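Participant: Please take these sequences and the hints and turn them into a complete structure.
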Amino acid sequence: MATRIPSAKILTACRAWYNTYLKKLVPYLYIAPALNFIIIFVFYPLARTFQISFYEWNIIRDRQNYVGLENYIRLFFDPNFRQILVQSLIYLLISVFAVVALPILLALLALQLTDKEIDLYQSLMFFPTVIPTSVAALVWVWFYLPTRTGLFNALLHLFGVTQPVQWLTNSATALPAVALVSNWKVMGFHFLIALAGLKAIPRDCLEAAYIDGAHGWSLIRHVILPLFAPTGLFILVITLLQGLEYVFVPIRVMTLGGPANASNNLMYAIYQEGFQFFRAGYASAMSVVMITLFGGFAYLQYRLLDRRVNYDR
Amino acid sequence: MKLRLLLSLCGLVSVFSISTAAAQEKITIEYWNINTSTFGGPQVDALIASFEAKNPNINVESRPKDRYDTLVQDAQTAIAGGNPPDIVQIGWPYLRYTSATLPYISIESLVEKYGGAEAFADIPKNIFDLTLVNGEHVGLAYSLSNAVVYYNPELFRKAGLDPDNPPRTIQEWTEAAAVFKKALNLPLIAIDYSGDNWAIENLIASNGGNLLICEADGTFAAGVSSPEAVEALQTWADWVAKGYAVNALDQARTVFWTGQAGALFWSIAGRGAITSNKTFDELRATTYPQFGDKPTRLPTGGNMLVFFASDPARQEAAWRFALHLVSPEGITEWTKGTGYIPLIPKLAEDPKYLASFYAENPIQRVATRQIENMIVWTSFPGENGLAAGAALFRAVQAALGGQLTAGAALSAAAKEINDLIGNEPCSGTSR
Amino acid sequence: MIASRSEIWLSRGVLITVAVLNLMPLIYLVGISFRAPQLVFVNPLFPLTVPLSFENYRAVLSQMDILRYLLNSIAFSGSVTVGQLLLAIPAAFSFTYFSFRFKNILLGLVILSLVVPFVVTYIPNYLLLAKWRLINTILGLILPMLGISLGFGIFLLRQHFMGFPREIIEAAMIDGANSWDILWRVVLPANLSPVVAVGIYVMINTWNQFIWPLLVGGGHPRSYTLTVAVQIFYTSPEGSDYWGAIMAASVLASLPTVIVFLLMRRKVLASFVEGALRG
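Chains as they are written, first to last, in this note's numbering: chain C, 1 to 313; chain Z, 1 to 431; chain P, 1 to 279.
Derived by calculation from the structure, the hints in this document are not laboratory data.
Computed from a prediction, not measured in an experiment: that's the story for all the values here.
Among the hints, a few may not be true.
[As the list claims (entries may be wrong)] Pulled a few chain Z residues facing chain C out of the computed Cβ check, cut under 10 Å: (1) Asp69; (2) Pro103; (3) Ala399; (4) Gly401; (5) Thr405.
[Unchecked claim] Taking lysine to aspartate or glutamate pairs in the DMTMM-like style, the calculated list, with each CA pair at most 20 Å apart, reads: (6) P/Lys267 to C/Asp119; (7) P/Lys267 to C/Asp204; (8) P/Lys267 to C/Glu245; (9) Z/Lys415 to Z/Glu136; (10) Z/Lys113 to Z/Glu136.
[Unchecked claim] A few chain P residues facing chain Z, derived, Cβ under 10 Å: (11) Phe41; (12) Asn43; (13) Tyr126; (14) Leu127; (15) Leu129; (16) Ala130; (17) Gly219.
We treat Cβ as the ideally placed atom computed from N, Cα and C, and that holds for glycine.
Facilitator: Encoded structure:
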């Protein structure tokens, strides 16, 4: 026989149920929309890429051909792939000089100037970063025109070199030419970060060391650099992780990876295999290799930074 | 922040309203081509206009792209995206790739559904069958061209060369280039090439080589590493190395028409473009150079019309449009504006159509003189066709850039090509 | 102060030289755009020309449907910015103030999403949009962009929220506010600065996007964004040698982000730095 439960008790029961169960869901509800987008548009593609890498597919056929590890094996023996890996490293190496070492050096130099001046330089250096890369690359194509009327060739002409250089179609100059564009674009940004990191060093620390007798170079070496290390490391890490991405658009606009893959790198090659040769399986295998390399590196960086930061504390 | 919110909402609304075109009974089809304001664009617009006048319920949108390979790639991407283009100018080298990979609607099935076969009665069979693969016609042959050498008589005179007697053979061109460079310190030769292998095939084929050969076991093999092919590419590479030729992809056209090179190896279809862009007065043309006394073999440039529309109404509209394009009036308009060889050769003598045009355009006659030398432009077969073509293209670039000798580059390319397409079946006719 | 007088002047010299070299391409960009078309190649070494000619701009404005492309870019950037903010703020809030079982795992996932290179996502996302028939639509452009690099905003805002004094929140809770109110009425208004910073960062980066809009919107002129339109103009044979017009179009495409930069200089610089240092 069901006893009649007074309504007040239902309310308390409901509230109790809410407090124990529903409330627990609230944090998840806040995150859910964001997480949905991330899962659908970042992690699902990741999984799909992994899946496609075991097939041969041209993205319009309904069926995909299962080929197991064939794509990976082919990749291993592909001389083009080796060339692309080497060139990716070259790009990164150039970046280390141009957008890690150089901005830090400039930031050190700028440290001793007045705040107003620093502000001015910051803004001036930052302009390239604000402009769309695809658009900026066009100006550089104009600079690199292979006739006497291209800016760089005209400059060479002034110095007596009459034979115009074909910057973007010569395999020796293509890579550096393209690298210059992406580095130019990012330099101001890293300069900004470096400055911020340097300015965060407490002044009294510097002054105390100065009084203690540390000057110029030794001041830099023993006081500034160690305190600046986390920022410096950060600049290095984002350069290495994003370097290949930064140069993607310049390659796409200026050389399409050519001539003969001379300016190609891993990221662009994946795009090429996918949307120009329509070998989605091969492109996906390349992606998996790249993600593994990057993932491994990111993990290393995480561990390193973690330790550094703890050490700092 | 509020302002930005407002702005973006406004943007969203206006864009959505613009893109939701009110439902029309008009059918809109897309015509993908490589024609621009200096290269056939006005003709395309004129042909579209005359078609729309006769067919008021059909709206044709011209969608020009810059190169044949981009055209095929974008078409494939669009097909994958669920928006197949209705009618596309597919370049000849992509014939086999299209046949193997893309969901084209064959001419046979279009004729069966919508009729119109009378329109091709006057097209010579060998030309109409250029699109024949495995027993069906992948597309409708449309634009035909061959390679000619344009040259700048003024620069010739300045360099001490005789513009009335331009070089005829590769050897003569090399000698003339030496003279030219010494006199003006400019390259004599500019060879237009970008994205596909037409330029190198002209050289290889004229030297007796073949890009693809059909082996005894019925499969394809790369012919690009043969001695003839290596010699052809090495000649070009040597020209570049000595400064006799400029290596600037399709910027070669600009180099020529701004007077920075003496001659341009390009398609007759570029006649209109050069004429409107050149900064000098007189333009002349001569036949493609021979290797010694071997007759030239010139891959037929141009394109065919391929149909991808899946919707029957759009299919029919696209078909009607194509019939308009290959009508005598359509062909006349097309040849006049571009330089393409007319699909129906007898129109060239017909005073109603092209007779006077030919009389006034000696350059056009150069192309006509070379008709017997035209061969099929090689298309790499199978799904890896695009990658195979790219492998050859890279080898050409490597040799021209001085990274590798022609021999080394082409051997590597041959290996790669065989890897990619070596198992594709062929049937007697190579290329 | 710490360095000698001559060292300071040396530094100045170096910095000025580098700054000028850095700006050179942009100076040329603007300069060439104002040259009469036939003079573009005359004297390539000098960036500026007198007299100024607006011919290139006229050509571009008449040939390209600038207004539509501008609207598309605005719709794209604006929607992604607003969208990402609307998604990131609650998520960051939740990660900061709640403790729940899978918090660390989910947070890790969010950060992990930033490591995935965008190239990898292109093919699958394109095919996904194809299935939903969203190719060549603005919606198709926007949706995947809401997920990609969303983690950045979440992470950044979380850092800022963590620095927000707990007492204020506790006071609000005592007053009976629930979490929703606390987020939108207490935490957000006090943290507008980093939110605006993230917004600006996302807006500029989205505006400058090119590959994705080309892939998804490049098929039909009605869905071109400004950056895509400039590229298509450049690769189209009629644009390809018309450098005056190319430069003019490029200037027009860069104008919005440059204007935002000039107007909100400090905020922009701060937002980019925040992004970096907090990372």
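Participant: Regarding the pair Z/Lys113 and Z/Glu136, is the alpha-carbon distance no greater than 20 Å?
Facilitator: 15 Å, holds
Participant: Holds or violated: P/Lys267 and C/Glu245, Cα atoms, limit 20 Å.
Facilitator: 25 Å, violated
Participant: Under 10 Å, Cβ to Cβ, is where P/Leu129 needs to be relative to chain Z, so tell me if that hint holds or is violated.
Facilitator: 7 Å, holds
Participant: Can Z/Pro103 be said to touch chain C, with a Cβ gap under 10 Å?
Facilitator: OK, holds: Z/Pro103 within 10 Å of chain C, min 7 Å.
Participant: At a threshold of 10 Å, is the proposed contact between P/Tyr126 and chain Z supported by beta-carbon distances?
Facilitator: 7 Å, holds
Participant: Could you grab the alpha-carbon distance between P/Lys267 and C/Asp204 and see if it respects the 20 Å cut-off?
Facilitator: Answer violated: P/Lys267 to C/Asp204 is near 28 Å, above 20 Å.
Participant: Return the status of the interface hint for P/Leu127: holds when the least beta-carbon distance to chain Z is below 10 Å, violated otherwise.
Facilitator: Where the cut-off is 10 Å and the nearest Cβ of chain Z is about 7 Å from P/Leu127, the hint holds.
Participant: For the restraint on P/Phe41, tell me whether the closest CB of chain Z is nearer than 10 Å.
Facilitator: 8 Å, holds
Participant: Taking 20 Å as the top limit, are the C-alpha atoms of P/Lys267 and C/Asp119 close enough?
Facilitator: The hint holds at about 13 Å.
Participant: Using 10 Å as the Cβ threshold, decide whether Z/Asp69 counts as touching chain C.
Facilitator: With Cβ-Cβ at 8 Å, under 10 Å, it holds.
Participant: Let me know if the C-beta of Z/Thr405 comes in closer than 10 Å to any C-beta of chain C, holds or violated.
Facilitator: Constraint on Z/Thr405 not satisfied, violated at 13 Å.
Participant: Let's test the interface hint: is any C-beta of chain Z closer than 10 Å to that of P/Ala130?
Facilitator: 4 Å, holds
This entry does not satisfy hints 5, 7, 8, 9, 12, going by the numbered hints stated previously.
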